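Engineer: All chains should be modelled from the sequences, with the hints used to inform the complete structure.
Numbering (our numbering) for the sequence shown: 9 to 85.
Mixed in with the good hints, there may be bad ones.
Claimed, not checked - Simulated restraints, written as ranges between beta carbons of each label pair:
| hint | residue 1 | residue 2 | range |
| --- | --- | --- | --- |
| 1 | T66 | A23 | 19 to 29 Å |
| 2 | P61 | S29 | 12 to 22 Å |
| 3 | R44 | G81 | 16 to 26 Å |
| 4 | S83 | P61 | 30 to 40 Å |
| 5 | P61 | I13 | 15 to 25 Å |
| 6 | S83 | E48 | 20 to 30 Å |
| 7 | M24 | Q53 | 28 to 38 Å |
| 8 | L49 | A85 | 18 to 28 Å |
| 9 | E30 | D52 | 34 to 44 Å |
| 10 | P67 | A23 | 10 to 20 Å |
Treat the hints as calculated values from the structure; they're not laboratory data. Quick caveat, the model's predicted, so the values are computed rather than measured. Ideal Cβ positions, reconstructed from N, Cα and C, are used throughout, including at glycine.
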Amino acid sequence: MTTWIITYNKDGNTAMLKIDSEHQPDIDDAVELVTRKAEELYPDQEIEHEHDPDLEDTPATRLAERYGITITGISQA
9 MTTWIITYNK
19 DGNTAMLKID
29 SEHQPDIDDA
39 VELVTRKAEE
49 LYPDQEIEHE
59 HDPDLEDTPA
69 TRLAERYGIT
79 ITGISQA
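Structural biologist: This is the structure in structure tokens:
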């Protein structure tokens, strides 16, 4: 099993989430994992927002709009 590091940015700070997996997580996997972590860490910090109709409604967009988090990288530890 390989350890992977998903880095993300929140409030101008870089944070990371380590996971063990046989394969490198793709961006969709990373967004799902970081969203679950954000729901645990920031249950009361969901940002009140109105979805921008010019942006596609994707899990990554929802993560950015709800928690102010963007995925910045996926690398092997």
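Engineer: Quick check: does the Cβ-Cβ distance between L49 and A85 fall within 18 to 28 Å?
Structural biologist: This hint holds: roughly 21 Å between Cβ atoms.
Engineer: Hint says 15 to 25 Å; check whether the CB-CB distance for P61 and I13 agrees.
Structural biologist: With a Cβ separation near 34 Å, P61 and I13 fall outside 15 to 25 Å, so the hint is violated.
Engineer: Does the hinted range 10 to 20 Å hold for P67 and A23 at CB?
Structural biologist: 18 Å, holds
Engineer: Confirm or reject the claim that R44 and G81 have a C-beta distance inside 16 to 26 Å.
Structural biologist: 18 Å, holds
Engineer: Indicate whether the distance between the beta carbons of E30 and D52 respects the range 34 to 44 Å.
Structural biologist: Given a distance of about 35 Å, which is inside 34 to 44 Å, the answer is holds.
Engineer: Lying within 30 to 40 Å: is that true of the beta-carbon distance S83 to P61?
Structural biologist: 34 Å, holds
Engineer: State, for the Cβ atoms of M24 and Q53, whether the hinted interval 28 to 38 Å holds or is violated.
Structural biologist: 19 Å, violated
Engineer: Using the Cβ atoms, figure out if P61 sits within 12 to 22 Å of S29.
Structural biologist: 36 Å, violated
Engineer: Does the Cβ pair S83, E48 satisfy 20 to 30 Å?
Structural biologist: Since the Cβ atoms of S83 and E48 sit about 23 Å apart, the hinted range of 20 to 30 Å holds.
Engineer: Has the hinted range 19 to 29 Å been met by the Cβ atoms of T66 and A23?
Structural biologist: 21 Å, holds
In summary, the numbered hints that this structure violates are 2, 5 and 7.
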